[in-house]
Amino acid sequence: MPLFQTGSTPGPRCTLSRRDLLRGTAALGGAAALSALPRPLRAQGGLTVGFLYVGPRDDFGYNQSHAIGAAAVKAMEGVTVVEEENVPETNDVQQSMESMINLDGATLLFPTSFGYFDPHILTLAPRYPDVRFEHCGGLWTEGKHPANAGSYFGYIGMGQFLNGVAAGHVTKSRKIGFVAAKPIPQVLLNINSFLLGARSVDPAITCQVIFTGEWSLAVKEAEATHALVDAGCDVITCHVDGPKVVVEVAAGRGAFVGGYHADQSSLAPRQYLTGAEWNWAKVYTDMVTATLNGQPIPNFVRGGLAEGFIKMSPLGPAVPDAGRAQFEAVKADIEKGGFSVIKGPLKDNQGNLVATEGQAFLETDPVLEGMGYLVEGVIGATS
Amino acid sequence: MENDLGLWAVPLAVVGGAIRVSTPILFVSLGETLTERSGRINLGLEGTLVLGAMTGYATAVLTGSPWAGVAVAALAGALFGLLHGLICSMGRVNDIAVGIAMMLLGTGLAFYFGKPYIQPAAPDLPAIPLGGWSSLPQVRSALNVNALFLIGIAAALALAWALRSTRPGLILRVVGDSTDAARAMGLNPALIRTGATALGGAFAGIGGAYLSLYYPGSWNEGISSGQGLMAVALVIFARWSPINCLWAALLFGGAGALGPALQSVGVTQGYYLFYAAPYVLTLGVLIATSSPSRALAGAPGELSITK
Numbered sequence: 082m083p084l085f086q087t088g089s090t091p092g093p094r095c096t097l098s099r100r101d102l103l104r105g106t107a108a109l110g111g112a113a114a115l116s117a118l119p120r121p122l123r124a125q126g127g128l129t130v131g132f133l134y135v136g137p138r139d140d141f142g143y144n145q146s147h148a149i150g151a152a153a154v155k156a157m158e159g160v161t162v163v164e165e166e167n168v169p170e171t172n173d174v175q176q177s178m179e180s181m182i183n184l185d186g187a188t189l190l191f192p193t194s195f196g197y198f199d200p201h202i203l204t205l206a207p208r209y210p211d212v213r214f215e216h217c218g219g220l221w222t223e224g225k226h227p228a229n230a231g232s233y234f235g236y237i238g239m240g241q242f243l244n245g246v247a248a249g250h251v252t253k254s255r256k257i258g259f260v261a262a263k264p265i266p267q268v269l270l271n272i273n274s275f276l277l278g279a280r281s282v283d284p285a286i287t288c289q290v291i292f293t294g295e296w297s298l299a300v301k302e303a304e305a306t307h308a309l310v311d312a313g314c315d316v317i318t319c320h321v322d323g324p325k326v327v328v329e330v331a332a333g334r335g336a337f338v339g340g341y342h343a344d345q346s347s348l349a350p351r352q353y354l355t356g357a358e359w360n361w362a363k364v365y366t367d368m369v370t371a372t373l374n375g376q377p378i379p380n381f382v383r384g385g386l387a388e389g390f391i392k393m394s395p396l397g398p399a400v401p402d403a404g405r406a407q408f409e410a411v412k413a414d415i416e417k418g419g420f421s422v423i424k425g426p427l428k429d430n431q432g433n434l435v436a437t438e439g440q441a442f443l444e445t446d447p448v449l450e451g452m453g454y455l456v457e458g459v460i461g462a463t464s
Numbered sequence: 003m004e005n006d007l008g009l010w011a012v013p014l015a016v017v018g019g020a021i022r023v024s025t026p027i028l029f030v031s032l033g034e035t036l037t038e039r040s041g042r043i044n045l046g047l048e049g050t051l052v053l054g055a056m057t058g059y060a061t062a063v064l065t066g067s068p069w070a071g072v073a074v075a076a077l078a079g080a081l082f083g084l085l086h087g088l089i090c091s092m093g094r095v096n097d098i099a100v101g102i103a104m105m106l107l108g109t110g111l112a113f114y115f116g117k118p119y120i121q122p123a124a125p126d127l128p129a130i131p132l133g134g135w136s137s138l139p140q141v142r143s144a145l146n147v148n149a150l151f152l153i154g155i156a157a158a159l160a161l162a163w164a165l166r167s168t169r170p171g172l173i174l175r176v177v178g179d180s181t182d183a184a185r186a187m188g189l190n191p192a193l194i195r196t197g198a199t200a201l202g203g204a205f206a207g208i209g210g211a212y213l214s215l216y217y218p219g220s221w222n223e224g225i226s227s228g229q230g231l232m233a234v235a236l237v238i239f240a241r242w243s244p245i246n247c248l249w250a251a252l253l254f255g256g257a258g259a260l261g262p263a264l265q266s267v268g269v270t271q272g273y274y275l276f277y278a279a280p281y282v283l284t285l286g287v288l289i290a291t292s293s294p295s296r297a298l299a300g301a302p303g304e305l306s307i308t309k
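For the protein sequence lines, the chains are Z and G, in the order given.
Note that the working numbering gives residue 151 to position 70 of the first sequence, counting from 1, and the numbers run on in steps of one.
Note that the working numbering gives residue 97 to position 95 of the second sequence, counting from 1, and the numbers run on in steps of one.
Honestly, the hints are just simulated from the structure, not real lab data.
Relax, there's no trap hidden among the hints.
A few chain G residues facing chain Z, derived, Cβ under 8 Å:
1) S143
2) P218
3) E223
4) G224
5) S227
6) G258
7) A259
8) A263
9) S266
10) G268
11) T270
12) Q271
13) Y273
14) Y277
Per label pair, the in silico range of CB-to-CB distance:
15) K117(G) / G425(Z): 44 to 54 Å
16) G389(Z) / L88(G): 53 to 63 Å
17) D414(Z) / L283(G): 47 to 57 Å
18) Y114(G) / P395(Z): 31 to 41 Å
19) P131(G) / T370(Z): 49 to 59 Å
20) G300(G) / K155(Z): 55 to 65 Å
Quick caveat: nothing in here was measured; it's all calculated off a predicted structure.
Note that CB positions come from ideal geometry on N, CA and C, so glycine has one too.
Build the full structure now, drawing on both the sequences and the hints.
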């Protein structure tokens, strides 16, 4: 639920701010009036950047990773940051964005949740051509989507591959588990990467996946983690908005965990193997610096370990030396470039060929952003 | 693989889920039963649940004692119920509208004051290992029973007995069934309803403490995800009987574990459908037991949505 909402139609708001302006000038003088001035005058002072999060800013997960990036922007000279958390992926996000644009004078917006893009950003972007909408994870397509909207994301599947490498060295049951929110391409790529990472250590490993159906559903995530441990999985990772519950429950049941989104090692110091973390501070400060210098931001921004878009949590004490060596070697290999997780011959878990002999998809390949299958060895279905 | 239970994992997970998930639902629906038996509806218990989760967690963080957290959560819930009761005691106030306002206020307060407590870790309520006889880790884990679950069962039995066979129970039922009769007996209906709402709030607060201090066992803003609202609706399903509340809560807890458990044994198609199972079940039971020719059996006479 958003903390506050403001009106959305342009007409009444203009009257309101003019009235506020008059009242402010009369009663309190210039200082009060300044805050009520309409956007164009205010925006001259510097750049105002808006961040919108679907959940709380300190969820040990997705939203926290973005808020850490926003904090880095806040520390920059000449930039004002406005934030709003708990904004649902409904009309609420349109109202919040309009209020940031019209009341706070924001000209660069980072609506960070996947579901904000279509239809919400796509509705507002044509209406506010001077505002830049930068969406995390969405597939911006040239010619199809507005030019003042853009998308950015990181190749975090590589991080889950490395999680899998660590898991492959630690699992004794040769069964690892994944608590997933929804079967969208990015989640499927993470699940597949996690298993393929583990299989690069031991090809007999299988991965059980449980979908909860929602990005944040604490009780269901806890139940899913229990079910995975009950089914014999001894290393568990996840792709939900806040991995705190999964990490705590898995550790409580004696399983090992691979982190996701942010560093959760403080929640399970002995059982935390490593984690695939976002490094949005780098992405956001780069984009804001470009805007301050009057340079355009590319509409389609992607990066991985080498570009500093993602990073790995330090390896935990449970990873054996052989695992550490392989982890570091694979990580260096990925950073060098040219590394493929999905490479042939590879079948999905229905038996269909998804990559033929000799075929390999680089992390940059847009085909991977349309992934709709789980690879052989993953126990689970996408629907 | 050793310890592979195959399909037996499903009923085991359902039993385990019923024990783990049902407690907050049980406490909220017991509290709501008490309030509704006095002739008032408190829709705000979702807010009380979240507030209880927050105050309980915060107290446990600050004092290091989870049981102090439970006590403070009960107190916060009672105060919140008292506020609802007092507002509704004024003339021409609609208890449903007040309840919705209290729900929003409760979640808002909890989110606002709960911010600093999302990151720190609080001590958990201890579990009683009743599965020690089994060599299977799955069974041992499923039978890790929290004391609050046992207290909840005891409370359901005690409430059922008190409502049926004690003088305070009789007074509560009279007030709930007929304000006029209660007045004729020299009772003060507003006072009794306010007391029942406060006590109901205390129950919901304890339910909240279970959420944050035991299962899932951490405070965040999505901790309840509507369980309080569902529990209020369950009271109708349970026909205002504390014992039925217990069955309803167990049913919902167990049904909630069905989806993940089925996926874990390889039944992976259509999990959205399994997640809807508890609601389909509720709908089915309500349709099967309703009748167009009479009012809902067991409904307190003064309970009305038009008052």
